[in-house]
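Novice: Start from chain A and add chain B according to the hints.
The listed protein sequences correspond, in order, to chains A and B.
The first sequence begins at 694 in the working numbering and counts up one residue at a time.
The second sequence begins at 1042 in the working numbering and counts up one residue at a time.
Quick caveat, the hints were computed from the structure, so don't treat them as lab data.
Remember, it's a predicted structure, so these values are computed and weren't measured experimentally.
Backbone N, C-alpha and C fix where the C-beta goes; we use that ideal spot for every residue, glycine too.
Check before you lean on any hint, since a few could be wrong.
As the list claims (entries may be wrong) - Estimated spans, in silico, between C-beta atoms of each pair:
{"id": "1", "chain 1": "B", "residue 1": "L1138", "chain 2": "A", "residue 2": "P778", "range": "23 to 29 Å"}
{"id": "2", "chain 1": "B", "residue 1": "D1052", "chain 2": "A", "residue 2": "G697", "range": "39 to 45 Å"}
{"id": "3", "chain 1": "B", "residue 1": "Q1218", "chain 2": "A", "residue 2": "A767", "range": "35 to 41 Å"}
{"id": "4", "chain 1": "A", "residue 1": "P721", "chain 2": "B", "residue 2": "G1189", "range": "41 to 47 Å"}
As the list claims (entries may be wrong) - Okay, the calculated bits of chain A under chain B, using three or more residues with CB under 8 Å as the criterion:
{"id": "5", "stretch": "699-711"}
{"id": "6", "stretch": "727-733"}
{"id": "7", "stretch": "747-761"}
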Amino acid sequence: MSSGTLWAVVLVAALGCYALKLAGLSVPAAWVERPWVTRVVEFVPAALLAALVAVQAATTGPELVVDGRLAGLAVAALALALRAPFIVVLVLAGATGALVHVLTG
Amino acid sequence: MPAARTATLRDAVGLGLAVGLYGVAFGAAADAAGLDVWQALALSALMFTGASQFALVGVLGAGGSGLAAIGSALLLGTRNTVYGVRLAPLLAPRGPLDRAGAAHWVIDETTAMAVAAPDRELGRLAFWATGATIYVGWNLTTVIGALGASGLGETAQAALDAVVPAAFLALLWPRLQRGRPEAAVQRRVAVGGAVVALLLTPVVPAGVQVVAAVVAVALAGRPRGVGAR
Chain A
694 MSSGTLWAVV LVAALGCYAL KLAGLSVPAA WVERPWVTRV VEFVPAALLA ALVAVQAATT
754 GPELVVDGRL AGLAVAALAL ALRAPFIVVL VLAGATGALV HVLTG
Chain B
1042 MPAARTATLR DAVGLGLAVG LYGVAFGAAA DAAGLDVWQA LALSALMFTG ASQFALVGVL
1102 GAGGSGLAAI GSALLLGTRN TVYGVRLAPL LAPRGPLDRA GAAHWVIDET TAMAVAAPDR
1162 ELGRLAFWAT GATIYVGWNL TTVIGALGAS GLGETAQAAL DAVVPAAFLA LLWPRLQRGR
1222 PEAAVQRRVA VGGAVVALLL TPVVPAGVQV VAAVVAVALA GRPRGVGAR
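Pulled out of the complex, with its shape left as it was, chain B reads as follows:
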């Protein structure tokens, strides 16, 4: 039992440190979008869900409105609701305070670690250990990224401009790989989302094209029926 606990803790901390690296990219992206260090930190501390944070600063960086930025962050945040449903029986929060605390750490990584654990007790340990490590690392590296990115020269700014889309691609990439359920559908939806966004860019206010890209889910998200070619 202690060995299993140690292994769970080691995996949780390892994942937390790896994910912490993304915080540097987020801090830099937030700075590029015109947020100050405190606003970047507020997002990491209070929103604490990477894809939504990246989407919010991405839309703002593209000149989008606050509403479009909030909309894209919320749309990406919906998957945490589904994670919460999956985690509720495992975490079995005692009372509203426990529930409110646990909710803040319901994200991709904590869910993956908790669900993969061999039993319920280790699942809870994995959830809290992963959440704590990522929370500390993510906030710390956000500040480093935001401070590091401000006061860059023109060439370094061009480098940062190229880093932001690459960071989004790195977030997207694992969803498209073989082995994921319905990877082919994910790829169609991704291509559809990108095409819709580019087509709409000249004709809608900045940022709206990102939110509108969800129509790609309706257009391309249907599984191909047997014999339907």
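So here's chain A without its partners, still in its complex pose:
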């Protein structure tokens, strides 16, 4: 993707996200506070974030791949379950990924 296209993506998405914020402060509450709307909004982040976790950890292009990223994710999950702070979770995941790379590379 060229730098110009990237800029267009960045600016269009930023503008769109701002419009969504502004809409909330501007439209009558009844438009948004329908049960199905609040329901969808409540659960969309879980679906998208989980999809991103899976795609970032276990795919390369169109292929499913098992490598250090998945090991790092497992360590991150363990750290989160033990209530480790965010930064510790990331450092542990990164160290695991690097270690697997060194051992298998």
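Specialist: For chain B alone, kept in the frame of chain A given last:
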């Protein structure tokens, strides 16, 4: 009253500093996805909503199209609309300029702090103080992350590759914990989203599987009725 204001300010600044740390991870993720420092900074300054920013660079990093990247960012941005509706009576913006300014800072953290405040005046203070602290910290740490990540060696790159999914997991994690309303449904939706995305990965253009994962909300998002087993 001054004590309550001080406590509100202290909480707001504390949260802002903690959230600022995520900016480093975002800057690094943006760099890994092929964005330059200015593009990463533009996202933090102009989009200013963490999950959408992470999603945009996540899809681009996976080789996804611009449309898929924009789509996933917007889908995650819809929750800010609901926050805005909740905040409108509390902030009671005076005129379009005030409203336009306040809108930029309508995000998870400012909403949580404003809604949790004991009264309306403290709620407004919490909103603006949290927004200002996070805005400054988030943009600053984005630049640090983006600059720090560029020019990494191969092993450090492998480390960064493992950090990005872990950062997404850390964003997702609090939504799945007991104590959240309908945590069980959230977990089903999350598992559903991940499965849908992985199943679609070999057959759809990169990035589309992430947007398509929202069907998991329809598949798994229904509350289980009484007696329905």
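Novice: Compare the structure with each hint and give your call.
Specialist: Against the structure, the hints come out as follows:
1. B:L1138 / A:P778: 23 to 29 Å: violated, 39 Å
2. B:D1052 / A:G697: 39 to 45 Å: holds, 43 Å
3. B:Q1218 / A:A767: 35 to 41 Å: Since the Cβ atoms of B:Q1218 and A:A767 sit about 19 Å apart, the hinted range of 35 to 41 Å is violated.
4. A:P721 / B:G1189: 41 to 47 Å: holds, 45 Å
5. 699-711: Holds, because 13 residues of the stretch 699-711 of chain A bring their Cβ atoms closer than 8 Å to Cβ atoms of chain B.
6. 727-733: Check passed, 4 qualifying residues.
7. 747-761: holds (count 11)
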